[in-house]
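Colleague: Here the protein sequences line up with chains A and B, keeping their order. Heads up: the first sequence runs through residues 1 to 173, numbered per the working numbering. Heads up: the second sequence runs through residues 174 to 562, numbered per the working numbering.
It should be emphasised that the hints constitute simulated quantities derived from the structure, not laboratory data. One should not assume that every hint holds.
What the hints assert, rightly or not - In silico DMTMM-like pairs for lysine to aspartate or glutamate, Cα to Cα no more than 25 Å straight-line:
| no. | chain 1 | residue 1 | chain 2 | residue 2 |
| --- | --- | --- | --- | --- |
| 1 | A | Lys25 | B | Glu509 |
| 2 | B | Lys259 | B | Asp187 |
| 3 | A | Lys23 | B | Glu459 |
| 4 | A | Lys38 | A | Asp5 |
| 5 | A | Lys23 | B | Asp246 |
| 6 | A | Lys23 | B | Glu546 |
| 7 | B | Lys560 | A | Glu77 |
| 8 | B | Lys560 | A | Glu26 |
| 9 | A | Lys25 | B | Asp210 |
| 10 | A | Lys25 | B | Glu508 |
| 11 | B | Lys258 | B | Glu186 |
| 12 | A | Lys25 | B | Glu505 |
| 13 | B | Lys272 | B | Glu248 |
| 14 | B | Lys562 | A | Glu126 |
| 15 | B | Lys259 | B | Glu511 |
| 16 | A | Lys23 | B | Asp495 |
| 17 | B | Lys299 | B | Asp201 |
| 18 | B | Lys299 | B | Glu430 |
| 19 | B | Lys562 | A | Asp5 |
| 20 | B | Lys560 | A | Glu126 |
| 21 | A | Lys65 | B | Glu517 |
| 22 | B | Lys193 | B | Glu178 |
| 23 | B | Lys299 | B | Glu412 |
| 24 | B | Lys562 | A | Glu76 |
| 25 | B | Lys510 | A | Glu9 |
| 26 | B | Lys299 | B | Glu339 |
| 27 | A | Lys65 | B | Glu511 |
| 28 | A | Lys25 | B | Glu497 |
| 29 | A | Lys23 | B | Glu178 |
| 30 | A | Lys23 | B | Glu511 |
| 31 | A | Lys65 | B | Glu508 |
| 32 | A | Lys65 | B | Asp496 |
| 33 | A | Lys90 | A | Glu126 |
| 34 | A | Lys25 | B | Glu212 |
| 35 | A | Lys65 | A | Glu126 |
| 36 | A | Lys65 | B | Asp246 |
| 37 | A | Lys23 | B | Glu212 |
| 38 | B | Lys562 | A | Glu77 |
| 39 | A | Lys65 | B | Glu549 |
| 40 | B | Lys259 | B | Asp194 |
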Amino acid sequence: MDDFDWPWEYNFPPFFTIQLHGKTKELQLSVWTNLVLKYFRHHRESQYTIGDEIVLFSNQQIQRKLSNDGILLILEELEKSGNAAPVDKKRLQWEIYWHPLDEWGNIIYQWASDNGMTNTVCTLYEISQGESSANEEFFGLDQSVLVKALKTLQAKQKCELMSFDDNEGVKFF
Amino acid sequence: MNRIEYSQSKLREDETYVSKDKGVKLYDGDEKTSYEDGEVVLTSHRLFWGRPGEISRGRTVLCLHLKYIQSIDEESASSFVFGRKKRIILHLSMPTRDKSPGPNDNSLANFIKLSGRNGMDEDFVKSLNETVAAKVWEISTNNQSTNAAKAKSPRIQLRTGIVGIERNLQEKQKQTDDSIQLAFQDLSKLMTMAKDMVGLSKVISAKIRERQGDISEDETVRFKAYLMSLGIDDPVTREGYQSSSEYYSNLARQICEILLDPITEVGGMMSLADVYCRVNRARGLELLSPEDLLNACRVLSGPMKLRQFPSGAMVVQLESHDDEAVAAATLEVVEEKESMSVEELARLLSISMILAQERLLTAERVGNLCRDESMEGLRFFPNLFLKNK
């Protein structure tokens with residue numbers, strides 16, 4: 001594992017069993033939700049399908065694995081705070097937003113106005129992969145997450161999504 | 174049986190109804206008869222036996238005049254399967270010549286028995302005794318005619334004279350013989366098993382010695398003291414009480430007395446299975462059914478009570494037993510070993526698995542421990558989530 005900073009709980013076997021005691025469970029879930037967000041942010045990933053074995057939910061060293069039910073519980077907890085959303089009806093595929101979508105929108109808008117990009121059209125590719133955003137947090141952000149974030153901006157009349165040819169673009173106001 | 178006659182089940186003028194019982198079987202002497210599962214009605218003069226419903230419809234049924242009854246005895250049949258039930262024996266005098274015909278007229282037995290499926294109703298037996306003692310029929314027949322006097326004479330013959338005395342003695346002898354036999358039935362079974370039991374106890378003590386290395390003198394003495402101190406002088410039995418609630422409350426008091434020391438010794442809590450063994454070992458032959466024990470435990474009052482855990486397991490625990498204290502003590506043990514399974518705790522504290530599990534769950538409920546379910550089973554860890562916060 002690279003330089004990811006695991007919390008001590010990650011090596012504590014009971015961490016991988018959803019606890020029954022109310023207060024304990026509350027604490028455990030909050031550690032988990034923080035860890036999940038931190039993990040996905042570290043890896044700049046947004047997609048997760050329940051059942052995929054990733055290091056986050058399965059600690060080989062202590063031979064512990066969080067059950068799928070447990071994972072679902074944590075993702076649902078994240079959903080409550082707007083940090084995750086299911087993609088399919090079976091709630092197996094999830095998108096994880098380490099910033100809630102409207103926060104993402106604001107960050108992007110801030111970047112756009114700081115760079116004098118208002119009233120011009122730029123492609124989504126430019127935003128997530130372009131040179132001018134290389135140091136931004138949303139660099140490499142998942143396309144579908146990006147679109148959803150921009151949609152929140154559009155709802156606030158701060159931008160407009162448009163599609164031309166086979167590419168998508170956005171115009172900031 | 175030849176004293177019984179066929180008769181219509183109708184009351185005569187001066188006759189009154191006294192009592193009845195159901196599900197009664199007749200014995201001719203010691204022989205079973207086909208007269209089973211009938212109703213018995215006792216009047217001031219006679220005793221009727223009929224198939225269910227026959228008596229109330231006034232059909233012809235079996236009838237025994239009470240004047241034939243010389244004495245009434247009780248016999249209890251004991252069997253390991255059915256428990257104890259009472260039969261009553263009616264010792265009869267010789268039949269009078271004017272007796273109407275009846276079943277088994279050539280029978281030779283001088284007594285009949287009545288037996289119910291669950292023994293005879295106590296009240297019925299009592300009223301039978303009273304009615305026979307009252308001799309209402311004598312008063313009426315004496316007034317009527319001298320015929321009755323003639324009819325009485327054979328009975329007097331039996332009681333008086335050397336033959337009468339001899340017969341009486343013989344009967345008594347037989348009775349004592351029977352009761353001795355009955356009394357030793359249980360004992361003989363015990364004796365046949367005694368050899369096995371002795372062997373078993375030897376094996377057990379050998380095992381204990383093996384496991385613990387050398388048992389010190391002190392411990393052997395203690396072990397023996399345990400075995401000796403188990404008996405109860407006067408076990409509470411169901412027969413002694415009118416109502417079951419009274420029986421249970423008395424039983425509960427006795428259980429309390431027996432268990433106070435052992436429960437304190439094992440840390441304030443004992444599983445119901447252990448209680449059952451403990452109590453029954455102390456009672457010796459008067460064994461309790463699990464149901465009776467449970468009912469008695471439900472009404473336990475005083476220093477201990479029955480408790481059911483959320484898991485369904487039931488224990489008897491001391492009033493002073495405190496969940497928080499248990500949780501704290503359990504945490505201490507688990508902390509020492511870092512983590513523990515139910516099995517390990519049970520072994521360490523030498524308590525049953527159920528109790529060990531309840532201890533861990535109690536500690537978990539309080540928040541002292543947290544669980545770890547994995548392929549290797551359920552383990553408990555000190556609750557670092559709360560502690561490290």
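Colleague: Would you list, in rising numerical order, the hints stated earlier that this structure does not obey?
Modeller: Violated: hints 2, 3, 5, 9, 11, 13, 14, 15, 18, 20, 26, 29, 32, 33, 34, 35, 36, 37.
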